[in-house]
Amino acid sequence: MTAEPATRPEPAELDAADRRIINRLQDGLPLVEAPFAAVANELSLSEGELLERLARLRESGVLSRFGPMYHAERLGGGLTLAALAVPEEDFERVTEAVNAFPEVAHNYRREHPLNMWFVLATETPERIAEVIAEIETATGLAVFNMPKQEEFHVRLHLPV
Amino acid sequence: MSVSTCPSESVSAALDAQDRAIILATQAGLPLVPDPWSAVGEPLGLAGEEVRVRMQRMQESGIIRRIAAVPNHYRLGYLANGMTVWDVDDAEIERLGRAVAALPGVSHCYRRPRHLPDWPYNLFAMLHGRTHAEVEAQADELRELLGSACRDHRILYSSRILKKTGLRLAGRSDRQR
Chain A
1 MTAEPATRPE
11 PAELDAADRR
21 IINRLQDGLP
31 LVEAPFAAVA
41 NELSLSEGEL
51 LERLARLRES
61 GVLSRFGPMY
71 HAERLGGGLT
81 LAALAVPEED
91 FERVTEAVNA
101 FPEVAHNYRR
111 EHPLNMWFVL
121 ATETPERIAE
131 VIAEIETATG
141 LAVFNMPKQE
151 EFHVRLHLPV
Chain B
1 MSVSTCPSES
11 VSAALDAQDR
21 AIILATQAGL
31 PLVPDPWSAV
41 GEPLGLAGEE
51 VRVRMQRMQE
61 SGIIRRIAAV
71 PNHYRLGYLA
81 NGMTVWDVDD
91 AEIERLGRAV
101 AALPGVSHCY
111 RRPRHLPDWP
121 YNLFAMLHGR
131 THAEVEAQAD
141 ELRELLGSAC
151 RDHRILYSSR
161 ILKKTGLRLA
171 GRSDRQR
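Which chain is which? The protein sequence lines are A and B, in order.
For the first sequence, position 122 matches number 122 in UniProt numbering, and the numbering has no gaps at all.
For the second sequence, position 131 matches number 131 in UniProt numbering, and the numbering has no gaps at all.
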């Protein structure tokens, strides 16, 4: 595929305070009465400045979100990673067919014979197998289902 | 394999209607105000302290991983995002998976099923760097750590985002009383 998508934005200009905020808040907000005041204090900022900067970082898309990160399976839902080997000439059609499923949360092209990788999130674990069967019917391709068998604990932390 | 075979993973039964209301109200994000707990609670008829305590309980039980800033990799300058996949000896994967997850730059690390013969890889680690060279240097470090327990590996770079809507937990509310 040729053009880079509009969904891949340019790196942002960040000052030192923005960087401290991003680094600190990837680790989590404390569950205390005035959580932003507590973090602002750690970072030698005022609460107002921290909130203002956070709002700006979120609006400008530096942060894709700020809030609780829920554990989908523990909420009773189903989650899996799946891949397809899509013939090049069929790529656009298959992309459209796969993306049409509301259960497809993310979908990436990757450079490998298995060139389409998507995450399925469903309301129930049982629904995963049904959606996979429906995607196979819609695309005419075999889905490689790769549910996690074990999660090794990491903290996503991208230093900036 | 499937999460349904792993009952210890599902603690959803322990959630009551108030917890579910808080989840629905915060899945898109937390209000950026001095007292976010009251801001979440107000439309739900819950006191701020009630919201805070319930969210703390959900965090302790692992339903909430953490309340955090989720950066857009690209906007932070992490332009190279590689899904590295490794064919690791099953007898060693527990120990090695934990060691890989502890490396800086690894954002997710999972054991997943092989699909032989097309797909021999059973350990997945997402790596993020400013350049492909940075990701490759991280992958070299992983390769060294895995040693002889690793037979083969690949780096699959994302070349196009085809869809990104995030996980939506909404809709579960209609199954409540």
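For the record, the hints were derived by calculation from the structure and aren't laboratory data.
A virtual CB, placed ideally from N, CA and C, is assigned to each residue, including glycine.
Warning: the hint list may mix true and false statements.
Listed next, the stretches of chain A that the computed footprint assigns to chain B, with coverage defined by at least 3 CB atoms under 8 Å from CB atoms of chain B [unchecked claim]: (1) 35-46; (2) 49-59; (3) 65-75; (4) 104-116; (5) 131-140.
From chain A, some residues computed to sit far from chain B (all C-beta separations above 10 Å) [to be verified]: (6) A17; (7) P87; (8) E88; (9) E89; (10) D90.
To see whether the hints hold, each was checked on the structure:
1. 35-46: The restraint on the stretch 35-46 of chain A holds, since 3 of its residues have a Cβ under 8 Å from chain B and three suffice.
2. 49-59: holds (count 5)
3. 65-75: holds (count 11)
4. 104-116: holds (count 12)
5. 131-140: violated (count 0)
6. A17: 14 Å, holds
7. P87: Its Cβ never comes within 10 Å of chain B, the nearest being 15 Å, so this holds.
8. E88: 13 Å, holds
9. E89: 16 Å, holds
10. D90: At roughly 14 Å from the nearest Cβ of chain B, D90 (chain A) sits farther out than 10 Å, so the non-interface label holds.
Hint 5 from the list above is the single one not met by this structure.
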